[in-house]
Amino acid sequence: MQTARIICPNGHLGFAPLKPESFALGVAAGPDFIAADSGSDDVGPGPLGSDTSTSPLAWQTHDLEVMLLAARARGVPMIIGSAGDTGSNSRVDLYVGLIRELARKHGLAKFRLGYFYSEVDREKLRAKIRAGDAIEGLDGREALSEAELDATSRVVAMAGVHPFMALLDQGADVIIGGRSSDSAIFAAAALHRGHAEGLSYYLGKVLECASFCAEPYGGKETVLGEIVDGGVHVTAMHPGQRCTVASVAGHAMYERANPYYEYVAGGMLDMSQCRYEQISDKTTRVTGPRFVPAERIRVKLEGAAKLGERYVGMAAVRDPYTIAHIDAAIGWARQQVRDRFGETGYELHYTVYGRDGVMGKLEPVKASAHELCIVVQGVAPTREMAEELCITGTRQLFYARLPDVKGTAGSVAFALDEVMQASAAYRWSVNHTVAVDDPMELFSVHMSEAGL
Amino acid sequence: MQTLKLSELAKTIRSKNAGVDRITFDIIFRDARTYNAVRRSGAVSRDAVLKLYGLPAARLTDFVEFDAACAIKFTIARERPSGSPGDPDIFGAQQYAPLLDVVVTLPDNEAVGPTG
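Protein chains in written order, with UniProt numbering: chain C, 1 to 452; chain S, 1 to 116.
Think of the hints as simulated: they come from the structure by calculation, not from any bench.
Hints should not be assumed to be uniformly reliable.
As the list claims (entries may be wrong) - Listed next, the in silico PhoX-like pairs over lysine-lysine satisfying Cα-Cα at most 20 Å (straight line):
(1) C/Lys19 with C/Lys282
(2) S/Lys51 with S/Lys5
(3) S/Lys51 with C/Lys366
(4) C/Lys361 with S/Lys16
(5) C/Lys361 with S/Lys51
Said to hold, decoys possible - Stretches of chain C that chain S covers, calculated by requiring three or more beta carbons in the stretch to come under 8 Å of a beta carbon on chain S:
(6) 39-48
(7) 252-264
(8) 420-432
Glycine included, every Cβ here is placed at the ideal spot set by N, Cα and C.
From just these sequences and the hints, can you work out the full model?
Have a look at this one:
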């Protein structure tokens, strides 16, 4: 069987730049693939809804350039999943364009550039709903309704290994993927080399966040994973980091509700019988992962719905009497907004830092600090309305009428007597799965050439 | 009898999104002895977590004792999806703080040295 040595330099390419020193050590270790995930739903629904990246273009370009040059110099495939944070079509096109530009800039010899799209036409989902094939909710959500579908600006499907493997089969040297499961990016490479499913998916699982599976803590450092004699070996490349039993097992539970089971399009990775063994200073060996194929494939969908334009204001309070009655002061400002704009058709949010700003209702500490900062968010259908809404909701804190306040010249302090335009407000409207008969049904693959 | 704060016993205490509708909490111990002692103390149980965060039982979606990583892990349903306007913690990364001060009482035969 062919080896499948994979290095991963970044757990979310573009979000912060990779560290070149450990990447160079990884490249020197002789990988068969250089791969990274570039997406996350952690960044909130805004980027998907507005079809933008939250990562700066300069950092996206930096990491693609470093990885491309290393992959072409070694003649091994480079694989990227969930291009540009969201994996929408425009983000795939952006990365494909960057790869072409970088190839020209460095005079790289001609290579095969494959890519696939993950956006899903809402009408396709509507047809499934009408055919009685429910778009089932995840994490306690109801099945997707047509009304929610109509409210949704953009939907992406989470690819499994299938489009990556199709492009590897076609001889792709570089793959730019739309939205995909993190682990599938790496699992596809190992499966393409003929390795068993359980080990391949586990290899993907452990590599997806790069050095988050190593210790001491330090992100964006390269790790090397490979399948050796029926086990996954994972090795930290940074001279000061190690992959230990604790760090590797600990990573299995990172960002997921259950540390034993990982669901991807096509089945479930069962890590409940995994055994971890330190086999050298920097390397841990894992055996026992199993892959359980799904009876019918369900693909995860993500979608964002626009709520409106948004402005943000800030106000601060030092008077202990006002602090003790801050809800009344906010109530006054809310009432002024209601008097002007009515009861509905907008959102007005107050976050009170110094009391429960970070945790809201989950905050167990009931004592307020000696000063508060209040962040006000106004969301409305138009920019003009959002601005006036937010100004009203912020400035009226200054005029709050509290019965026994001594300071009658102004109830709050302003660092800025203005409100600021923020990104439009979105919400995650789709966190669901859809059944498919063909795992490629929602993904279209394309092959092209780049270089000279 | 030994009384320590959870922050003195655990190596890592963290919270993070688990998808867009959930926040998951990890309490990771340096060794199996400490992990088992805390587990047996009952200081970090389903009920203790519900009480600490003031949550109804339905909001606690998972509670797992993960021996391979010497970790106690639990997951809660968010009040609204991450990144909705008014959500103060898009990544869910700062919701663990109340766990730091949870008081753990260990019997003498399970007393451990603080790990700092």
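Of the numbered hints stated earlier in the document, which are not met by this structure?
none
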